[in-house]
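Residues 1 to 234 in the UniProt record's numbering are what the sequence shown spells out, letter by letter.
Rather than coming from a laboratory, the hints here were simulated on the basis of the structure. Don't take every hint at face value.
[As the list claims (entries may be wrong)] Distance windows between CB atoms, simulated:
#  : residue 1 : residue 2 : range
1  : Thr-114   : Lys-150   : 52 to 58 Å
2  : Val-121   : Pro-67    : 43 to 49 Å
3  : Pro-67    : Val-38    : 33 to 39 Å
4  : Ser-118   : Val-151   : 31 to 37 Å
5  : Ile-161   : Asp-124   : 55 to 61 Å
6  : Lys-150   : Glu-173   : 51 to 57 Å
7  : Glu-54    : Leu-102   : 31 to 37 Å
8  : Met-126   : Ile-98    : 39 to 45 Å
9  : Phe-65    : Thr-114   : 51 to 57 Å
10 : Met-95    : Lys-60    : 50 to 56 Å
11 : Leu-73    : Val-38    : 30 to 36 Å
12 : Ile-82    : Pro-50    : 46 to 52 Å
[What the hints assert, rightly or not] Here are the simulated SDA-like cross-link-like pairs (lysine to any residue), alpha carbons at most 25 Å apart as the crow flies:
#  : residue 1 : residue 2
13 : Lys-150   : Gln-136
14 : Lys-149   : Gln-162
15 : Lys-85    : His-101
Only a predicted model underlies this, so the values are computations on that prediction, with no experimental measurement involved. Think of the CB as a built atom: it goes at the ideal place given N, C-alpha and C, for glycine as much as any other residue.
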Amino acid sequence: MGNDQSGPSTSNPQQTPGVSSSFSFFNRTQSSRKSTLVVVNKANQLALDPNEDEDLKRIKEISRFFPILKGSLKGMQDSPEIYNKIESKHILRFMQRIQQHLTICCQTVAAHQTSMYSKMVQNDQMLTSLVRKTSQDSKHFDSLASELKKVQEVSNQLDSIQLLFDEITSAIEFVNDILPESEKLPPLKLVVTPSQRYPIIDQENSLSALTNDADSSGLNITPEKYEYHVVDKD
């Protein structure tokens, strides 16, 4: 069986002797669908003449052509007459236009880069100044907060003094009530006479004084001085 497939077939008178079997792919015979065997190379396959193939004939009808500059091909040289036939003015004009376009693009990109760099420097300086200003304001507000704590302490001391005055006044009135009529003292009446008042500061001036760096030492306000004296009813 294997000899029948691999051996040459002498019963076919159309086979041309001396033709290579490499042209067997031109064979258009269809294989049998019923067969389950995979045939690699059929022994009875006909070898066609390449000169009689229709596809090869159509390919040979195409005329042979070369590029304008044959020197771009391997093993070929340009003829001296080809440079006289090529007009270089149009190519030069086209390349000059490309060069001009690229120059304009380069200048535009360089200008944008310069402007972006200057804006980045300005923004950096602005952010640095803002950070410095914020740090100074934070220190200033910390000092104001410490001063406000002192004011709260003074207010607490004044409240305690007021309580002591009330206790002393009630004690004096009690002592005065138990004394005989001839020894009683006139009713005690405390009158507050401020010798110096606080300066009047409106809202805008107070805010400017709090936020001004020149007045960061605080407001120079002298507290009031009170004088107490006893006044008769009459």
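Hints, verified against the model:
no., hint, in the structure
1, Thr-114 - Lys-150: 52 to 58 Å, "holds, 55 Å"
2, Val-121 - Pro-67: 43 to 49 Å, "violated, 55 Å"
3, Pro-67 - Val-38: 33 to 39 Å, "violated, 45 Å"
4, Ser-118 - Val-151: 31 to 37 Å, "violated, 49 Å"
5, Ile-161 - Asp-124: 55 to 61 Å, "holds, 56 Å"
6, Lys-150 - Glu-173: 51 to 57 Å, "violated, 35 Å"
7, Glu-54 - Leu-102: 31 to 37 Å, "violated, 52 Å"
8, Met-126 - Ile-98: 39 to 45 Å, "holds, 42 Å"
9, Phe-65 - Thr-114: 51 to 57 Å, "holds, 53 Å"
10, Met-95 - Lys-60: 50 to 56 Å, "violated, 40 Å"
11, Leu-73 - Val-38: 30 to 36 Å, "violated, 43 Å"
12, Ile-82 - Pro-50: 46 to 52 Å, "violated, 35 Å"
13, Lys-150 - Gln-136, "holds, 22 Å"
14, Lys-149 - Gln-162, "holds, 20 Å"
15, Lys-85 - His-101, "violated, 29 Å"
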